[in-house]
Amino acid sequence: MANTQSMPLISILVALFLVSSSLASTDVPFIVANKKATLNRLKSGAERVSVSIDIYNQGTSTAYDVSLVDDHWPQDIFDIISGNTSQSWERLDAGGILSHSFELEGKVKGLFYGSPAVITFRIPTKSALQEAYSTPILPLDVLAERPPEKKFEWVSFLLIFLEI
Numbered sequence: 001m002a003n004t005q006s007m008p009l010i011s012i013l014v015a016l017f018l019v020s021s022s023l024a025s026t027d028v029p030f031i032v033a034n035k036k037a038t039l040n041r042l043k044s045g046a047e048r049v050s051v052s053i054d055i056y057n058q059g060t061s062t063a064y065d066v067s068l069v070d071d072h073w074p075q076d077i078f079d080i081i082s083g084n085t086s087q088s089w090e091r092l093d094a095g096g097i098l099s100h101s102f103e104l105e106g107k108v109k110g111l112f113y114g115s116p117a118v119i120t121f122r123i124p125t126k127s128a129l130q131e132a133y134s135t136p137i138l139p140l141d142v143l144a145e146r147p148p149e150k151k152f153e154w155v156s157f158l159l160i161f162l163e164i
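Sequential numbering of the sequence shown, starting at 1, is according to full-length UniProt numbering.
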C-alpha cells in the first residue's frame with residue numbers, strides 16, 4: 001500500500017526534475033530596452049531633443065554582436081547635433097546594461113510620434129539574429145509655444161504653504 005501512495009509523489013518529483021533540466025538548457029539572454037526623449041528649449045528659440053536608450057540583459061547568458069538602430073527621426077524634421085542613431089557592441093553580459101544617447105535639433109513645429117528602437121543580437125546556439133524593441137516614447141510637441149515658467153511664483157507659493 002505504501003508503494004502505490006508514493007508513486008504519484010515520485011512521478012511529480014521526476015516531472016519537476018525534467019522541467020528544471022529543460023529550463024537549465026534554455027540559458028538565453030533576455031533583452032529589455034528603455035528609450036527616453038526630452039525636449040530642451042534653447043534661448044535662440046531652437047529646440048533640442050535628447051534621446052537616451054538603456055539596454056538591459058535580464059537573461060541568464062551573454063548576448064553577442066548587439067546592435068541598436070533608432071533611425072526613425074526624419075531628416076526633414078530633425079538634424080543630428082551629436083552622436084549617432086545607431087551603435088554596436090561586441091557583447092552584453094547577463095545582468096549587464098548598455099547605454100547610448102544622441103541629440104537632435106527640431107526644425108519643424110508640430111507633434112512627433114516616435115517609434116521604438118530596434119536591438120538585434122546573436123545567441124551562440126542559434127544562427128539567426130534575435131530582435132528586441134525598446135519602449136516607445138511619448139509624443140513630442142516640437143517647437144510648441146509654451147507659456148513661460150513662473151519659477152519664482154512657485155517658490156513663494158511653496159514657502160507660504162510650508163509656513164502653514
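Hints listed in this document are in silico derivations from the structure and should not be mistaken for laboratory results.
Yeah, the Cβ is synthetic: ideal placement off N, Cα and C, and Gly gets one too.
There's no promise every hint is true.
As a list, the in silico EDC-like pairs of lysine to aspartate or glutamate whose alpha-carbon atoms are at most 16 Å apart [stated by the list, open to error]:
#1 Lys43 x Glu105
#2 Lys109 x Asp141
#3 Lys107 x Glu131
Now the in silico label distances, taken between C-beta atoms and shown as ranges [said to hold, decoys possible]:
#4 Asp54 x Leu129: 17 to 25 Å
#5 Pro139 x Asp71: 13 to 21 Å
#6 Asp65 x Thr38: 36 to 44 Å
#7 Lys43 x Pro124: 35 to 43 Å
#8 Leu129 x Ala94: 38 to 46 Å
#9 Asp27 x Leu159: 15 to 23 Å
#10 Ile160 x Asn34: 35 to 43 Å
#11 Tyr64 x Leu162: 52 to 60 Å
#12 Ser82 x Asp54: 24 to 32 Å
#13 Asn34 x Glu105: 53 to 61 Å
#14 Asp93 x Ser44: 41 to 49 Å
Hint by hint, here is what the structure shows:
At roughly 13 Å between alpha-carbon atoms, Lys43 and Glu105 fall within 16 Å of each other, so this suggested pair holds. Proximity of Lys109 to Asp141 is assessed by CA-CA distance (about 8 Å); at most 16 Å being required, the pair is judged to hold. Among the hinted pairs, Lys107 with Glu131 is inconsistent with the structure: their alpha-carbon atoms are about 31 Å apart, more than 16 Å. The hint said 17 to 25 Å for the Cβ distance between Asp54 and Leu129, and at roughly 21 Å that hint holds.
One distance hint, 13 to 21 Å for the beta-carbon pair Pro139 and Asp71, holds here, with the actual separation near 19 Å. Taking the beta carbon of each, Asp65 and Thr38 are about 30 Å apart, not inside 36 to 44 Å as hinted. Restraint check, Lys43 to Pro124: a C-beta distance of roughly 51 Å breaks the suggested window 35 to 43 Å. Take Leu129 and Ala94: their Cβ atoms lie about 19 Å apart, and the range 38 to 46 Å is violated.
With their beta carbons about 57 Å apart, Asp27 and Leu159 fall outside the hinted range of 15 to 23 Å. The hinted window of 35 to 43 Å between Ile160 and Asn34 holds, with their beta carbons roughly 38 Å apart. Between Tyr64 and Leu162 the beta carbon distance is about 54 Å. The supplied range of 52 to 60 Å therefore holds. Take Ser82 and Asp54: their Cβ atoms lie about 18 Å apart, and the range 24 to 32 Å is violated.
Our hint of 53 to 61 Å for Asn34 and Glu105 is violated, since their Cβ atoms are close to 23 Å apart. A hinted range of 41 to 49 Å for the beta carbons of Asp93 and Ser44 is consistent with their spacing of about 43 Å.
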